[in-house]
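The residues making up each chain are set out below.
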Amino acid sequence: DAKTTQPTSMDCAEGRAANLPCNHSTISGNEYVYWYRQIHSQGPQYIIHGLKNNETNEMASLIITEDRKSSTLILPHATLRDTAVYYCIVRSGGSQGNLIFGKGTKLSVKP
Amino acid sequence: DTAVSQTPKYLVTQMGNDKSIKCEQNLGHDTMYWYKQDSKKFLKIMFSYNNKELIINETVPNRFSPKSPDKAHLNLHINSLELGDSAVYFCASSQGTSGRFNEQFFGPGTRLTVL
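From first to last, the protein sequence lines are chains E and G. Read in order, the letters of the first sequence are residues 1 to 111 in the working numbering. Read in order, the letters of the second sequence are residues 1 to 115 in the working numbering.
Read the hints as simulated data drawn from the structure, not as lab findings. Don't be surprised by glycine CBs; every beta carbon is placed ideally from N, CA and C. Check each hint, because a few of them may be wrong.
Derived DMTMM-like pairs (lysine to aspartate or glutamate); straight-line CA-CA distance at most 25 angstroms [to be verified]: (1) G/K22 to G/E103; (2) G/K40 to E/D67; (3) G/K40 to G/D70; (4) E/K106 to G/D18; (5) G/K9 to E/E14; (6) G/K41 to G/E24; (7) G/K40 to G/E53; (8) G/K67 to G/E103; (9) G/K44 to E/D82; (10) G/K40 to G/E58; (11) G/K36 to G/E103; (12) E/K110 to E/E14; (13) G/K36 to E/D82; (14) E/K103 to G/D30; (15) G/K41 to G/E103; (16) G/K41 to G/E58; (17) E/K69 to G/E103; (18) E/K103 to G/D85; (19) E/K3 to G/E58; (20) G/K40 to E/E66; (21) E/K3 to G/E24; (22) E/K3 to G/E103; (23) E/K106 to G/E24; (24) G/K52 to G/D18; (25) E/K69 to E/E14.
Estimated spans, in silico, between C-beta atoms of each pair [said to hold, decoys possible]: (26) G/D70 to E/G15: 45 to 53 angstroms; (27) G/N62 to E/T56: 43 to 51 angstroms; (28) G/Q14 to E/G15: 24 to 32 angstroms.
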């Protein structure tokens, strides 16, 4: 599975959009981009995933560049409860299922 | 209803003891996992079971033995506990293992402290 690079930490004002970048320049054609988050002392929570097209669900939007070498997770209206560590993970479609978590981005949403 | 549940939530025990952590999912998923999160917050896969069969066994000491009595349960038994086993253990489940169906649902975690 391809490696990902994320900023260590980011701040966002409450009510504003939070844009979390992820670099995955070695991604291959059958690898999906997954985003999870972990709120303090809780289990990781799935947010969204995509292959080539941009995706949107009730939690967030995922924007994948045309060359697929990077992506951005967008939380459109961040709240204090969105403060968490956000993990960008790249996995192949045929892999055995395990997620390889990196260090993630610590997002702090401030009032 | 809780999708993925683990018991106990906290476990404090002495070195050398044997302990078990239980996990149950009511999502009808075929695949279940155990992850370990150490004090530095790194989250690593330990085991993965698909339809009650082991499909992933990362470099984990054989003191750790997962057992899957049925698709809804994956228990973790740990023999001869060591100080380094202190961590938070997360159970997870997913519909399948391929990229399209690998949205994993995690349990609340079990904080194990070995004294």
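Each hint, compared with the structure:
Straight-line distance between C-alpha atoms of G/K22 and G/E103 comes to about 21 angstroms, which keeps the hinted pair within the 25 angstroms bound. About 34 angstroms separates the Cα atoms of G/K40 and E/D67, which puts this hinted pair outside 25 angstroms; it is violated. Distance hint between G/K40 and G/D70 is unfulfilled; the C-alpha atoms sit about 33 angstroms from each other, more than 25 angstroms. At most 25 angstroms may separate the alpha-carbon atoms for a hinted pair to count; E/K106 and G/D18 exceed this at roughly 35 angstroms.
Between G/K9 and E/E14, the direct Cα distance comes to roughly 32 angstroms. Violation of the 25 angstroms bound is thereby established for this hinted pair. Distance hint between G/K41 and G/E24 is fulfilled; the C-alpha atoms sit about 24 angstroms from each other, no more than 25 angstroms. Of the pairs offered as hints, the one joining G/K40 and G/E53 is violated, with about 31 angstroms between alpha carbons and a cut-off of 25 angstroms exceeded. Distance check on the hinted pair: G/K67 and G/E103 sit about 22 angstroms apart at the alpha-carbon level, within 25 angstroms; holds.
Restraint check for G/K44 and E/D82: satisfied, since their Cα atoms lie roughly 23 angstroms apart, inside the 25 angstroms limit. Taken as a hint, the G/K40 and G/E58 pair is honoured in the structure, with Cα atoms around 19 angstroms apart against an allowance of 25 angstroms. Taking the CA atoms of G/K36 and G/E103, the gap is near 18 angstroms; set against the 25 angstroms cutoff, the hint holds. The straight-line distance between the Cα atoms of E/K110 and E/E14 is roughly 6 angstroms, inside the 25 angstroms bound, and the hint therefore holds.
For the given pair, G/K36 sits about 23 angstroms from E/D82 by alpha-carbon distance, which is consistent with the 25 angstroms threshold. The straight-line distance between the Cα atoms of E/K103 and G/D30 is roughly 28 angstroms, outside the 25 angstroms bound, and the hint therefore fails. For the given pair, G/K41 sits about 21 angstroms from G/E103 by alpha-carbon distance, which is consistent with the 25 angstroms threshold. For the hint linking G/K41 to G/E58, the alpha-carbon distance of about 18 angstroms falls within 25 angstroms, and the restraint holds.
The straight-line distance between the Cα atoms of E/K69 and G/E103 is roughly 22 angstroms, inside the 25 angstroms bound, and the hint therefore holds. The straight-line distance between the Cα atoms of E/K103 and G/D85 is roughly 21 angstroms, inside the 25 angstroms bound, and the hint therefore holds. The suggested pairing of E/K3 with G/E58 holds, with an alpha-carbon distance near 18 angstroms, which does not exceed 25 angstroms. At most 25 angstroms may separate the alpha-carbon atoms for a hinted pair to count; G/K40 and E/E66 exceed this at roughly 35 angstroms.
The suggested pairing of E/K3 with G/E24 is violated, with an alpha-carbon distance near 31 angstroms, which exceeds 25 angstroms. In summary, the hint linking E/K3 to G/E103 is supported, as the alpha carbons are separated by about 19 angstroms, within the 25 angstroms threshold. Distance check on the hinted pair: E/K106 and G/E24 sit about 30 angstroms apart at the alpha-carbon level, beyond 25 angstroms; violated. Of the pairs offered as hints, the one joining G/K52 and G/D18 holds, with about 23 angstroms between alpha carbons and a cut-off of 25 angstroms not exceeded.
A distance of roughly 29 angstroms separates the Cα atoms of E/K69 and E/E14; the hinted pair therefore is violated under the 25 angstroms criterion. In this structure the supplied range 45 to 53 angstroms holds for G/D70 paired with E/G15, their Cβ-Cβ distance being about 46 angstroms. For G/N62 and E/T56, the Cβ-Cβ distance of about 45 angstroms falls inside the hinted range of 43 to 51 angstroms, so the restraint holds. Checked against the given bound of 24 to 32 angstroms, the beta carbons of G/Q14 and E/G15, roughly 49 angstroms apart, lie outside it.
In summary, the numbered hints that this structure violates are 2, 3, 4, 5, 7, 14, 20, 21, 23, 25, 28.
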